[in-house]
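Residue numbers (the working numbering), protein chains in the order written: chain D, 1 to 802; chain H, 1 to 802.
It is possible that part of the hints are untrue.
DSBU-like, lysine-lysine: derived pairs with alpha carbons at most 35 Å apart [said to hold, decoys possible]:
1. D:Lys380 <-> D:Lys280
2. D:Lys280 <-> D:Lys243
3. D:Lys766 <-> D:Lys693
4. H:Lys309 <-> D:Lys198
5. H:Lys280 <-> H:Lys243
6. D:Lys610 <-> D:Lys693
7. D:Lys445 <-> D:Lys243
8. D:Lys243 <-> H:Lys198
9. H:Lys332 <-> D:Lys407
10. H:Lys198 <-> H:Lys445
11. H:Lys693 <-> D:Lys693
12. D:Lys380 <-> D:Lys693
13. D:Lys198 <-> H:Lys243
14. H:Lys380 <-> H:Lys445
15. H:Lys198 <-> H:Lys268
16. D:Lys198 <-> D:Lys280
17. H:Lys198 <-> D:Lys309
18. D:Lys309 <-> H:Lys280
19. D:Lys243 <-> D:Lys198
20. H:Lys268 <-> H:Lys445
21. H:Lys309 <-> D:Lys445
22. D:Lys332 <-> H:Lys407
23. H:Lys280 <-> H:Lys24
24. H:Lys610 <-> H:Lys380
25. D:Lys309 <-> D:Lys280
26. D:Lys380 <-> D:Lys198
27. D:Lys407 <-> H:Lys309
28. D:Lys445 <-> D:Lys280
29. D:Lys198 <-> D:Lys407
30. H:Lys309 <-> H:Lys243
31. D:Lys309 <-> H:Lys445
32. H:Lys243 <-> H:Lys407
33. D:Lys243 <-> H:Lys243
34. D:Lys280 <-> H:Lys309
35. D:Lys693 <-> D:Lys614
36. D:Lys198 <-> H:Lys198
37. D:Lys614 <-> D:Lys660
38. D:Lys309 <-> H:Lys407
39. H:Lys380 <-> H:Lys407
40. H:Lys660 <-> H:Lys693
Keep in mind the hints are simulated off the structure, nothing from the lab. Note that the structure is a prediction, hence the values are computed from the model and not measured.
There are 2 protein chains.
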Amino acid sequence: NHNTDTNDTAAQPQTTLTPDELHKLDAFWRACNYLAAGMIYLRDNVLLTQPLERMHLKQRLLGHWGSSPGLSFIYTHINRLITTFDINAIFLAGPGHGAPGVLAPVYLEGTYSEVYPEVSQDLEGLRQLFRRFSFPGGIGSHCTPELPGSIHEGGELGYSLSHAFGAAFDNPDLIVTVVVGDGEAETGPLATAWHSNKFLNPVRDGAVLPVLHLNGYKINNPTLLSRIPHDELASLFRGYGWKPYFVEGEDPNTMHERMATTLDACLKEIQSQQAQARLKNQPQRVIWPMIILRSPKGWTGPEAIGGNKIEGSWRAHQVPLPGVHDSEEQFKMLETWLRSYRPEELFDPDGQLITSLRAVAPQGNRRMSANPHANGGLLKRELRIPDFQDYAAAVALPATTRAYNTKPLGAMLRDIMQSNPENFRVFGPDETTSNKLDAIYEVSKKLWLAQYLPEDDNGGELSPDGRVLEMLSEHTLQGWLEGYVLTGRHGFFATYEAFVHVIDSMFNQHAKWLAIADTLPWRLPIASINLLITSTVWRQDHNGFTHQDPGFLDIVVNKSPAVTRIYLPPDVNCLLSTANHCLRSHNDINIIVCDKQEHIQYLSMDDAIKHCTKGLGIWPWASSDQDAEPDVVMVGCGDIPTKEALAATALLRDRFPDLKIRFINVVDLFRLSPEHEHGLSHRDFDSLFTINKPIIFNFHGYPWLIHRLAYQRTNHDNLHVRGYREDGNINTPLELAIVNQIDRFSLAIDVIDRVPGLQNRGAHAKQAFRDRQIECIEYAHEFGVDLPEEDHWLWTHDHTPQ
Amino acid sequence: NHNTDTNDTAAQPQTTLTPDELHKLDAFWRACNYLAAGMIYLRDNVLLTQPLERMHLKQRLLGHWGSSPGLSFIYTHINRLITTFDINAIFLAGPGHGAPGVLAPVYLEGTYSEVYPEVSQDLEGLRQLFRRFSFPGGIGSHCTPELPGSIHEGGELGYSLSHAFGAAFDNPDLIVTVVVGDGEAETGPLATAWHSNKFLNPVRDGAVLPVLHLNGYKINNPTLLSRIPHDELASLFRGYGWKPYFVEGEDPNTMHERMATTLDACLKEIQSQQAQARLKNQPQRVIWPMIILRSPKGWTGPEAIGGNKIEGSWRAHQVPLPGVHDSEEQFKMLETWLRSYRPEELFDPDGQLITSLRAVAPQGNRRMSANPHANGGLLKRELRIPDFQDYAAAVALPATTRAYNTKPLGAMLRDIMQSNPENFRVFGPDETTSNKLDAIYEVSKKLWLAQYLPEDDNGGELSPDGRVLEMLSEHTLQGWLEGYVLTGRHGFFATYEAFVHVIDSMFNQHAKWLAIADTLPWRLPIASINLLITSTVWRQDHNGFTHQDPGFLDIVVNKSPAVTRIYLPPDVNCLLSTANHCLRSHNDINIIVCDKQEHIQYLSMDDAIKHCTKGLGIWPWASSDQDAEPDVVMVGCGDIPTKEALAATALLRDRFPDLKIRFINVVDLFRLSPEHEHGLSHRDFDSLFTINKPIIFNFHGYPWLIHRLAYQRTNHDNLHVRGYREDGNINTPLELAIVNQIDRFSLAIDVIDRVPGLQNRGAHAKQAFRDRQIECIEYAHEFGVDLPEEDHWLWTHDHTPQ
Ligand SMILES: Cc1ncc(C[n+]2csc(CCOP(=O)(O)OP(=O)(O)O)c2C)c(N)n1
Ligand SMILES: Cc1ncc(C[n+]2csc(CCOP(=O)(O)OP(=O)(O)O)c2C)c(N)n1
Ligand SMILES: [Mg+2]
Ligand SMILES: [Mg+2]
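My request is simple: use the sequences and hints to build the entire structure.
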């Protein structure tokens, strides 16, 4: 059933490699395999110049052998392609746990020693390399940021292919080779990422050459794709819109020839497709080639122990001979295995790869490990950003007008797109229009290379060379965006708040990547990930409970403060100022929370700039404690919570004109935390929030987050936070606010309850506020909308003392 | 290019329906479409017995029309299949926002009125139905738990297919029909869920009949799958291992005939495949039928406004005539559209569906909306659980032995599997062996229906009727598990801690489902989701930073306290007791955090039962404050943090014999929170944790979570929490602890710093502890393992006063 010796797509003449080429390729690959195994087992006698002894072994054997020989096989062959055809390529390893298979060629081609001179090209360097691999204080066993040439760590499986496409966009000369594990291919994110081929413009983008690495196994199981009939597998990839080439077998020499022939054919096809499209300057959908490489897991490793198959089995996944310390048989097998690569033929006595083999690898920046695309900061150009003030909403008097908060941002993004036609992209899961950013389409449509229908002309906003990418897969979009910025470009992703949780784990992994990359001086800073979270919890008027989830922020605060930023601009001008700041930043993940509906406008552009630069501040026009001790500090954070806090302030100021209220708005959430780079000093915090007055904090998200950020603040015991309490369904906006007690009435009641001296006096007011809540809910249930007087509420500047 | 009039798989005689059947089917469908549109627009004049006037309209128009007619088309046809062949079926709507298309037939077949008598089968009932749809205080616009027959809400897209398979497992007579949106099909989770067919055993499981609903559009975009060539699409689904049947067109009568013919063919195929396999009792892989239904989005709705296509376009997604309030033209179109269904032919003057049409729907429990499988609590049988004490680890003296924590649980799961061969399943992403639960395989293997190789016999643990499900897709597993328990069965899912974030959003959605279901008396309780989180942050000895993420708990605490539970059993016996409790619980999501490696054993089974029942408690043998005021409260929560806290206690007791230390271990995390059902009373909390002594709390996860749970506790200001601070790489266990300051030395130093009177006296000890930390790290960096004396540390009972 497993016809491992046919190649169904390409008729192969089997003469691609001269005997000398074949010999050298194989020798280079043997050197890789030797190093990969060496990393796992050896701490000394690194070239086996002496008989192997137990003291040469690492005490603890860690690492993943199984994936490694396949990875270095592919790497070596791509190297041949680069040297033969002078192409510009990078390499992504989906099963990043196979790092030995990538570390080995990266070391052999010299880059590793250039970046880390202590790991030199000699015996001592080899010892260093072996020793530090998967060793405390050393280097990881995945394709971590420390690995030159890596832009994909492959710790959490599933994102290699979307990363690869992100890297290829707008890099017309680049060929992104990406190895997809057959286990990895079972994950959801990977399974849909194959459709990325419908978003690759052959004129303007580079190519992605995926190699599905069908080594047959995962940790302990066979893989699905390796156990379906050949035709079914071919049909699957044709259905995904690829042209699959099969390279199958296990005899190294035959496989070298097959791989070389197939890669030549793929390259030719890629180049001719590109040439054709570019000649006519006509982007259209291409059925791109891809390779299905079926080879044994743990290829060239030990065949079996005690009748248990290792090579070509899941037993090869990690350390194939785990018992070398205790078992004489395994110890002997290890030596035989290591010597089977004939290290003495590959390295000179000083430990350097012999001269003739060094030529197998490309030179200088053509080495995939030294390719600047894999160190995007090297190539990054600053984004040209028009003056964000040009998109300002006119705000003559604070809180007296309304506007759609995200709309002007759409216009700003449009003009950024216009000014950066080659290194800026906008991403959205079919929601760009819904999120009111559709002004972008005035300069660039949604990229669409699949079929067109006549009606698309009428408002479809599709184009084969659009620069807005929309697909209903948050995973794929985030993967594209990451790949795009990791290779030195800029991007913006807007998505619904509730469903940003779909990419929680991707956020985590990218934050971890950035935190490590930040510590590596040779990795230059890349653009930040900019994530607009919109269609938020407070405005799910008909989507209900499933669409109410502001908890992504709780994920964000767990990650390194060096790379995380959270902003909650309450209006148009604050959003513009924030977005401008974020788009200019680097090595961060910026989360901007801002709803897409019509909201009250608080600040003029001048005020917004000052406010957002401070990150938080008193709004004097709303406050009644000018230069005095406040009785209470009222805080709004987020658009709707700010509106409700302000309306509560108005209620209170009308009812208790002597009450001294300080009104604060928070945009930059991390100002609250003393542990974050953006955190206010205790001195500043205490002076703003006082050290002894009640603080009523109306928050956009789950209320506990504020306690978490501020628990070390002096006045923490007086901090009373309101936020989303996981209480909702089909509600009008005000009704939802009331149910979760972030509404104006609840807040006003909170103040009465907390301010000394108001408790008794305030009983009448409290009752009136409660009555009003009931009226509001009754009205909503009767008419399906909020009571107009409350809904249309605006600030009346009669209160204002100035 | 769009050959919409061919059906490439089935040769259709086109005579499946008699004219009368055709007429009735179409009439029933028209009634559905009328109701769906009515829900969106009308508040009165519900059968249009009077001319339509503006006052009959809802003030705010909410709802999704586009998906609805397709959904009710499919629903109606499945009803025909049920009545014709007396099959047992349920219905899942992937695009759950098309709820009007499901609410309508559910109401028409009478179930809705049985569950909600106020929505009766008459004019008033129709008014009620229309009014409450997508209305504050009313019902949601998705297939929410409130909808009888629903087990899939479809708010967050992507999980319909995995839910469907979960429902089909071990339900040999059930046919699960599931509509997959063509937009939904672009999500990662959905894209890989098609492979679930390789896990469906034709002997023992039911069938899943997916209908890919190719209505061509999402919110504002065409869908990928509707815009690739017909052959490519067919190839994709053949590659996924299905036999696709195409039903394409838009003329209702033709489409009825095609759909009926195709469904008959599919059913026949399903039944014959099942019969064959069952006759021989030979489970093997089946190429199951599926349907690709290509029909216009917003089918039968308004065709266009002002030259803008609506029917068959993305413009039909929500409210197709949004301007009816202001535009005379649209208002007229609305009336014409509604009348086009000829309600007067469908309903009698009292508002009831006419008798002849009522027979189109099945009767009693054959109605998909009344099928007990969709209200799993009705069918749930209690799990037979052997006495968990039988798996106990012998612990004569606390903290003096070691064992692998998860291994005995594997044995217990094995025996549960044995005793519940039809309603219990274990799920894992290729990690069951890695997580040391492989004892299960002694009674049931991993289900594998794809190809076999000879070597599988040797340790592969595969079988075509295994009951352990392993696929490298956390999404698919979680979806299967949810579908399985929602239909009344029991399950257990073990997964790596870092990658459980992959299913954050699925957890969120299921928690929301349960929170609502809990409030519906007619939905009987279902089994809890049991999630073992293992391979935890503190033992990533070679995987490093990407595998260190205990933040899932921060997601969990945001959801309703009524349905969330978190346990951190520190040893074998606590884990067994906890698992026993969780497996017996219902309507919860139980998170059990417990590492898979060898760990110290603290409690005998007797003690463990008492401890876990209390959820937390003092360990007297570790404490030195018996019946006295403690100087400090030391808390461990989680396996490794408990070990380190205990080792710190030993260090301190040796060094400062007069120091009174109270040692507490926490298993049930929510005991800490006063807001949770499990929360300790303030009285109990204060007596355990004191109201004025320093508390050094060593936590498994991110430290802030403890503050969040305990910020309302009296002694909160004295609570000092240690936990994972996002600081890690390749580390030995003790090194990682030191870096994050949860190690014995850091904790001992914390105590010296916090206990009044120790600060000066303790300087010598502090310095000794710091020195020891340095020695430990030096040793780890030299030998790659921890200093044996520290690593092998066990409690010495010399300290113990008793
Ligand atoms: C999302 C996710 N789930 C689980 C794991 C744990 N894991 C690490 S390697 C592996 C198997 C990978 O198999 P494959 O992709 O075939 O790689 P190979 O080693 O065979 O090259 C698994 C399940 C992971 N890293 N990421
Ligand atoms: C994971 C996720 N992302 C985004 C959305 C927002 N959303 C709601 S409906 C929809 C389009 C669905 O299209 P399709 O599945 O084709 O359903 P149709 O309405 O066409 O039947 C989108 C993107 C969502 N609900 N879930
Ligand atoms: Mg594999
Ligand atoms: Mg659709």
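Against the structure, the hints:
Restraint check for D:Lys380 and D:Lys280: the C-alpha separation of about 29 Å stays at or below 35 Å, so the hint holds. With a CA separation close to 23 Å, the supplied pair D:Lys280 and D:Lys243 stays within the 35 Å bound. The hinted pair formed by D:Lys766 and D:Lys693 meets the criterion: a straight-line CA distance of about 20 Å does not exceed 35 Å. For a cut-off of 35 Å, the pair hint linking H:Lys309 to D:Lys198 stands: about 25 Å separates their Cα positions.
The suggested pairing of H:Lys280 with H:Lys243 holds, with an alpha-carbon distance near 23 Å, which does not exceed 35 Å. Between the alpha carbons of D:Lys610 and D:Lys693 the distance comes to roughly 26 Å, so the proposed pair stays at or under 35 Å and holds. Restraint check: the Cα-Cα separation between D:Lys445 and D:Lys243 comes to about 28 Å, which is no more than 35 Å; the hinted pair holds. Only pairs whose Cα atoms come within 35 Å are accepted, and D:Lys243 paired with H:Lys198 is accepted, the gap being roughly 24 Å.
This hinted pair checks out: H:Lys332 and D:Lys407 have alpha carbons roughly 32 Å apart, not beyond 35 Å. Taking the CA atoms of H:Lys198 and H:Lys445, the gap is about 15 Å. The hint holds against a cut of 35 Å. Distance restraint check for H:Lys693 and D:Lys693: the Cα-Cα separation of roughly 26 Å lies within the 35 Å cut-off, and the hinted pair is therefore satisfied. Restraint check for D:Lys380 and D:Lys693: the C-alpha separation of about 48 Å exceeds 35 Å, so the hint is violated.
Restraint check: the Cα-Cα separation between D:Lys198 and H:Lys243 comes to about 24 Å, which is no more than 35 Å; the hinted pair holds. With a C-alpha separation of about 24 Å, the suggested pairing of H:Lys380 with H:Lys445 holds against the 35 Å cut-off. A hinted pair counts as satisfied when its Cα atoms are at most 35 Å apart, and H:Lys198 with H:Lys268 qualifies at roughly 20 Å. Between D:Lys198 and D:Lys280, the direct Cα distance comes to roughly 19 Å. Compliance with the 35 Å bound is thereby established for this hinted pair.
Our distance criterion of 35 Å between C-alpha atoms is met by H:Lys198 and D:Lys309, whose separation comes to about 25 Å. With a C-alpha separation of about 33 Å, the suggested pairing of D:Lys309 with H:Lys280 holds against the 35 Å cut-off. Of the supplied pair hints, the one linking D:Lys243 and D:Lys198 holds, its CA atoms being roughly 13 Å apart against a limit of 35 Å. A hinted pair counts as satisfied when its Cα atoms are at most 35 Å apart, and H:Lys268 with H:Lys445 qualifies at roughly 31 Å.
Among the hinted pairs, H:Lys309 with D:Lys445 is consistent with the structure: their alpha-carbon atoms are about 20 Å apart, no more than 35 Å. The hinted pair formed by D:Lys332 and H:Lys407 meets the criterion: a straight-line CA distance of about 32 Å does not exceed 35 Å. Only pairs whose Cα atoms come within 35 Å are accepted, and H:Lys280 paired with H:Lys24 is rejected, the gap being roughly 40 Å. Of the supplied pair hints, the one linking H:Lys610 and H:Lys380 holds, its CA atoms being roughly 29 Å apart against a limit of 35 Å.
This hinted pair does not check out: D:Lys309 and D:Lys280 have alpha carbons roughly 54 Å apart, beyond 35 Å. Straight-line distance between C-alpha atoms of D:Lys380 and D:Lys198 comes to about 26 Å, which keeps the hinted pair within the 35 Å bound. A hinted pair counts as satisfied when its Cα atoms are at most 35 Å apart, and D:Lys407 with H:Lys309 qualifies at roughly 25 Å. A threshold of 35 Å between alpha carbons decides the hint, and for D:Lys445 with D:Lys280 the separation of about 20 Å falls inside it, so the pair holds.
Taking the CA atoms of D:Lys198 and D:Lys407, the gap is about 29 Å. The hint holds against a cut of 35 Å. A threshold of 35 Å between alpha carbons decides the hint, and for H:Lys309 with H:Lys243 the separation of about 33 Å falls inside it, so the pair holds. As the CA atoms of D:Lys309 and H:Lys445 are separated by approximately 20 Å, the hinted pair is consistent with the 35 Å bound. A distance of roughly 42 Å separates the Cα atoms of H:Lys243 and H:Lys407; the hinted pair therefore is violated under the 35 Å criterion.
Distance check on the hinted pair: D:Lys243 and H:Lys243 sit about 21 Å apart at the alpha-carbon level, within 35 Å; holds. Of the supplied pair hints, the one linking D:Lys280 and H:Lys309 holds, its CA atoms being roughly 33 Å apart against a limit of 35 Å. Of the pairs offered as hints, the one joining D:Lys693 and D:Lys614 holds, with about 22 Å between alpha carbons and a cut-off of 35 Å not exceeded. Distance restraint check for D:Lys198 and H:Lys198: the Cα-Cα separation of roughly 27 Å lies within the 35 Å cut-off, and the hinted pair is therefore satisfied.
Restraint check for D:Lys614 and D:Lys660: satisfied, since their Cα atoms lie roughly 23 Å apart, inside the 35 Å limit. Only pairs whose Cα atoms come within 35 Å are accepted, and D:Lys309 paired with H:Lys407 is accepted, the gap being roughly 25 Å. Using a Cα cut-off of 35 Å, the hinted pair H:Lys380 and H:Lys407 holds, with the two alpha carbons roughly 28 Å apart. Proximity of H:Lys660 to H:Lys693 is assessed by CA-CA distance (about 11 Å); at most 35 Å being required, the pair is judged to hold.
Hint check: violations occur at hints 12, 23, 25 and 32; the rest are consistent with the structure.
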